[in-house]
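Peer 1: Letter by letter, the chains look like this.
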Amino acid sequence: MIDKTQPAAPLAADAQAAPPRKKRGIAIQREIVVLVAMIVFNLIFTDHFWSLQTFNVNLTQVVTIVIVGIGMTLVVATGGIDLSVGASMAIAGALAPMLFMNIDGPLGILLAFTLPVLAAALCGVFNGLLVTRLHVQPIVATLVLFIAGRGIAQVVTDGSLQAFNNPAFQWIALGKVAGVPFQILLMLALVAIFTWIVRKTLFGKYLLVTGGNEDAAYLCGIPTARVKLIAYTLCAALAGLAGLISISVNSSSDANVVGLGVELDAIAAVAVGGTALTGGKAFITGTLIGALIIQLLRYTLLAHGIPDAAALVLKAAIIIAAVYVQRRRGS
Amino acid sequence: MAQTPLLDMQDIEIAFGGVAALKRARLTVAAGEVHALIGQNGAGKSTLIKILTGAYRKSGGTIRFDGREADFRTPKEARESGISTIYQEINLVPFRSVAENIFLGREPRRFGLIDWKTVQRRASDLLESFGLHIDVRKPVRDYSTAIQQMVALARAVSSDAKMVIMDESTSSLDEREVELLFTVVRRLRDDGRAVIFVSHRLDELYALCDRVTVMRDGQTVAESTMQEMDKLRLVTTMLGRTLAAVVHEDSAVKQANLEKRGAVALSAQSLAAGAKVANVSLDVHAGEAVGLAGLLGSGRTETMRLLFGADRPSQGTLAVGGDDVSFRSPKDAIARGIAYLTEDRKAEGIVPDLSVRDNLTLVCLPALTKRGIVDVAKQREIVDGFIASLGIKLRSPDQPVRELSGGNQQKVLLARWLATHPRLLLLDEPTRGIDVGAKADVAKIVRELRDAGMAVLLSASELEELTAVADRAVVIRDGETVAQLDGAQMTEASIMDAIAYGSGEKSTLAQASAAQGNEA
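Chains as they are written, first to last, in my numbering: chain A, 1 to 331; chain B, 1 to 520.
It should be emphasised that the hints constitute simulated quantities derived from the structure, not laboratory data. The model shown is predicted, which means the values in this text are computed figures rather than measured ones. All clues stand as given, with none of them false.
What the simulated footprint calls covered on chain A by chain B, stretch by stretch (three residues with Cβ under 8 Å from a Cβ of chain B suffice, anywhere in the stretch; the number is not a length):
1) 191-203
2) 207-217
3) 221-228
Backbone N, C-alpha and C fix where the C-beta goes; we use that ideal spot for every residue, glycine too.
Go ahead and model the full structure; you've got the sequences and the hints to work with.
Peer 2: Shown next, in the form of structure tokens:
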């Protein structure tokens with residue numbers, strides 16, 4: 001208001017030249033503060049919190065949510081949502097054991113890692129086509145596979161539970177590198193790769209533009225349909241990978257259970273991580289932190305003897321709080 | 001006026017964020033008249049209507065409606081007092097039946113239940129009295145926009161509205177539908193109800209309205225009967241003279257420039273699409289700036305969208321650089337070297353949360369990308385270049401573009417297109433909503449681009465700005481090109497004349513001011 005007069009304007013512009021950099025790069029500042037506060041709280045009040053075991057337990061429990069959440073972040077960035085990720089996990093989880101249990105040796109393992117992920121990716125292509133070609137609302141389009149996908153997985157396995165013990169395949173979940181579970185490293189690597197993709201690649205820019213202002217994107221000649229299709233495909237493929245980790249952890253695959261409810265956990269992680277559900281933003285590291293916040297909350301409550309049912313209510317509360325904060329920041 | 005008017009709004013004032021949007025605005029409407037409310041974009045007519053209907057609260061002035069002091073706090077209050085508004089986007093419930101929509105919230109009841117038989121019979125009777133014979137049980141969405149308008153009118157009538165406000169109701173209707181609508185409006189008038197009619201189609205105003213109120217810059221600048229206000233006076237009063245700090249070029253310079261212009265960059269013949277573009281033909285040469293003139297709603301934006309491939313024409317041909325083209329999407333037009341700065345900066349221009357840097361390089365980004373990875377150094381170089389050359393004021397290129405002022409956002413968007421090195425630049429209202437200094441900058445940039453050999457087609461509601469920048473003008477009226485005015489022939493008077501009268505009858509003023517005449 002004070003700087004409105006003409007001669008003061010350039011001065012004001014000069015004076016403000018320094019601070020902007022500070023504001024940038026830590027868009028998810030609040031989320032980090034919350035996470036750190038929770039860690040500090042636990043360090044003081046929770047017994048045995050400072051141990052590698054606690055660290056590993058907490059991280060391994062979020063791995064599938066984070067990996068699914070990365071894909072969800074991409075889809076949410078386009079202004080969409082994917083409810084079918086749990087079903088994609090189940091389909092991948094159902095296919096993998098059939099491959100490595102029937103085909104011996106490295107070939108079986110190789111196929112067990114690739115074909116299920118491809119199958120999941122096809123689910124994503126299906127979702128993407130519904131959204132881009134038929135212009136079905138994302139929440140409805142992905143509801144199709146949310147309902148039918150798990151059914152497909154059950155048909156594939158005849159509805160039976162597949163139990164197995166295959167160290168080579170299960171290394172993805174149970175293997176360790178220098179004491180750290182491989183799945184955690186995989187998760188961190190994926191977070192790093194997708195953070196880089198969003199920030200540095202043409203696809204990343206187009207992703208944010210498609211969700212940020214689709215009309216403008218179209219008038220700028222940006223292939224918005226293709227961008228969305230890729231986002232849904234990547235999301236489903238990542239869900240497929242998460243499905244493989246999930247069955248490896250459990251040494252069994254049950255189409256009824258694999259990835260059940262993961263879509264909600266992933267969406268919650270995305271929302272808590274600062275990515276606006278209205279699209280145009282994608283904070284991959286935010287999703288990681290969001291998932292950690294939710295996980296740590298659950299762990300804290302459990303460690304202090306509060307039942308899981310009550311924890312669910314608190315989880316809902318934290319999501320509401322996150323969305324509220326986002327809305328205030330947006331306006 | 002002998003008796004007290006039904007509506008009397010005096011000295012209405014309102015400000016948004018310290019900027020006065022209305023100052024001493026006035027509107028008086030008598031019962032049994034159709035009253036035209038007209039003005040340019042931003043003249044304040046929508047604001048005035050919103051105050052009347054309770055969507056905004058006035059900060060000064062008095063409103064008397066139906067003999068009482070009125071200050072509606074919500075649209076509901078206004079509705080209950082007898083003011084019914086029909087917006088351009090009709091607010092009916094699309095999936096419910098016509099009958100339900102007409103009686104929504106006021107359904108006749110029997111034994112506490114809605115009496116559907118009566119609802120349907122009364123709805124059907126009402127529409128038949130309009131000369132409309134349709135099945136009232138079918139959902140509203142099954143019918144055309146005209147019939148939907150009629151249903152909205154029927155709803156107003158059945159609710160005993162004393163005053164009906166129609167905001168650009170005819171903008172998406174064809175001639176026959178407009179005529180049908182007018183019959184109904186006249187019937188309302190004959191019933192003793194007042195109708196406020198907002199439209200940009202002059203012929204319609206003269207065909208329908210009894211009196212007119214003209215607004216400009218938040219003020220009421222003229223009130224009279226339609227007979228006393230001839231078309232030319234209406235147009236001149238409405239467009240007025242808003243002074244922009246734009247330096248005019250001598251018409252001799254413009255003429256000289258026309259003589260040294262290059263080959264035809266874009267040629268459109270008899271383009272038509274939808275209800276807004278009926279027959280548009282125009283050529284743009286390299287090295288010339290052509291102004292696309294016409295009132296709001298005359299089809300300027302729609303024409304630009306056709307030229308850019310954002311919409312597809314139903315008729316007509318388009319040639320770029322001599323080759324016939326048919327664009328499937330803007331991507332095709334961009335590949336042909338066409339750039340399009342949209343009128344609506346917010347909805348179709350900026351990506352608000354994205355940085356200035358990314359916004360500016362949005363279209364040329366593929367050229368800065370190697371194997372899918374954006375070359376940030378190259379991107380910075382281009383962005384810094386444009387910030388310097390266009391004088392964009394900002395804190396940092398990494399700042400979200402929404403934080404910039406309107407004028408600077410506009411420059412970012414202009415730079416976005418210039419970075420693609422276009423051969424043809426389509427500028428739709430490039431100076432809308434930006435301050436005077438930025439307007440002058442934009443005019444200067446356009447001239448420089450033209451001198452560098454670019455073909456420019458620009459539209460502007462402010463005729464003075466248009467004539468200042470353009471070498472010649474193409475005038476469109478109700479979706480048809482009605483005049484092409486070159487160099488010396490292009491004056492504000494001759495453009496207004498074409499807007500008012502089309503290519504047919506000529507006014508004396510135009511004959512006097514442009515002795516050569518102005519044939520298309």
